[in-house]
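What follows is each chain in one-letter form.
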Amino acid sequence: MRLTYETEEPTMLEESFLKIANRAPVMLWMSDTAKNFVYFNDPWLKFRGCTLQEELNHGWEQGVHEDDLSKVKKQFDKSFAKKEPYKIEYRLQNHKGQYRWIIDNGVPQFSDDNQFSGYIGSCFDIHEIKELEHRKEEFITAASHELKTPVTSLNVYLHLIDEYFTDNKIEKYGAYSKGATMQLNKINTLIEELLDLSRIQSGSLNYSWSEFSFCDMVSNIIEKMQLLHPNRQIDFSGECDGQIRGDVERLSQAIENLISNALKYSSSDNKIRIDISEDKNWVMLSVTDYGIGIATEHLSKIFKRFYRIPGKLEATYPGMGMGLYLSQKIINKHNGSISVESRENEYTKFIIKIPILKKK
Amino acid sequence: MNNKPKILVVDDDPDILSVMEILLSMKGFEVEVTARGDNTFSKLESFQPNLILLDVLISGHDGRAICKEIKDEPQYANIPVLMLSAHPGAAATISDYGADGFISKPFDVENLLKKINEQLQGSKIE
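From first to last, the protein sequence lines are chains A and E. Here the first sequence is numbered in this note's numbering, starting from 1 and rising by one per residue. Here the second sequence is numbered in this note's numbering, starting from 1 and rising by one per residue.
No wet-lab data here; the hints were simulated from the structure. Some hints could be false.
Said to hold, decoys possible - Footprint (simulated), chain A over chain E, 3 or more residues, beta carbon under 8 Å:
no. : region
1   : 3 to 17
2   : 21 to 29
3   : 32 to 43
Stated by the list, open to error - What follows is a list of derived Cβ distance ranges for each label pair:
no. : chain 1 : residue 1 : chain 2 : residue 2 : range
4   : E       : S46       : A       : N335      : 49 to 59 Å
5   : E       : T93       : A       : G179      : 13 to 23 Å
6   : A       : A180      : E       : S46       : 31 to 41 Å
Glycine is no exception: its CB is placed at the ideal position from the N, C-alpha and C atoms.
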């Protein structure tokens, strides 16, 4: 489609396309192969309160929020080089001078003989959704924080009760107070997960980086998990001497999640297996259980936030669908990857890979 | 004569204050608590604590700033300050303010007592 309709009369077909483009409830733009923006539709110009001439080429960039501009340009350069579709959210100034969050979907265009001809993008105003998301995250943070104060007090009271029972050798009740403390620890883990989730959403999940032995970390995790689950058989095999760079607490959290899941979704008389290995560039860990397994159609969705596999059997397992999402985010932050293999009613195996920094 | 080590607890939550008072008194400390950040200094003067447990966020006050004020005051600078917060991320932000340690809420009681005793022993050696 030609776009120089200002100097030439458009054909009838072009006219109808222009009409569609200008009346569709979406902001559209088009770029050429040299990254120049050569077209903006009426909804875009109306949103911006600018003329086409002002927006053409790189004029529109004046409207992008200064904190977002370099991100937008980087994304465009990256996608342009690969000729791949992309999605990006950024703030764009409207005709009232207000910055609104928009989502921009860019798609590369190819001619009939497969020649790259530039990009077409469609943008939607998502400001209200963003604000709601922000408020929701603030709520989760505040609620989690408010929940932690009573947990702190309760934990101290339980400790004192437990001490009293222990000192006075009232063993039966000592076991009860220990049980109550364990349940409280579970509540605390859930609160922490909710907090982590909102931190991930707002990009404020903090990592403290250091270098450490992957194998030592895994041994510590298994020791801890075995202590927490004395009646379960956790088999550990393999060796590696790779040092990695990461946040040992966060990475342990991710791996503990996988082990907890393996224990949860398999029956108590089944063992679970943890294997580690390494090649030149990666250390690898797998967690395998011989439990209920995961049907193929759910495998690609289990890492989504709050995703829980539907089904009568699955619904009987407790959980909020946060663990795998958090684990994946943490592992990705370590430039690693996580994948899953499973067969229903047979096994589930999670495999993680983390890049090696150096060998011991 | 009362030789119990003295601990001042500054936290805006009354439930935390009461549980800390119970716990620390049972563990052989003399305890004074305050829910207000702005009277920390008058408490320091009247109570003369050996250690301070200070919440990072006290309604209307930044506990870290209070910590820095304490550490900037020569007569109080040697009193160990352990900061507490329900935000584990706060740990990374306290070192610039001169705090002697960080305890994340909810805390393990044994760990809290261990840190308190370490600080008290450390300050005696000085």
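Holds or violated: the region 21 to 29 of chain E covered by chain A, criterion of 3 or more residues with Cβ-Cβ distance under 8 Å?
That given contact holds, which follows from 3 residues of the region 21 to 29 of chain E lying within Cβ reach (below 8 Å) of chain A.
Could you see if the CB distance from A:A180 to E:S46 stays within 31 to 41 Å?
38 Å, holds
Does the region 3 to 17 of chain E contain three or more residues whose Cβ lies closer than 8 Å to a Cβ of chain A?
Held - the region 3 to 17 of chain E has 3 residues with a Cβ nearer than 8 Å to chain A, which meets the minimum of three.
Can you let me know if the beta-carbon spacing of E:T93 and A:G179 is within 13 to 23 Å?
36 Å, violated
Distance restraint hint 49 to 59 Å, applied to the beta-carbon atoms of E:S46 and A:N335
55 Å, holds
Coverage assertion for the region 32 to 43 of chain E with respect to chain A, Cβ distance below 8 Å, three residues required:
Check failed, 0 qualifying residues.
The structure is inconsistent with the numbered hints 3, 5, although it conforms to all the rest.
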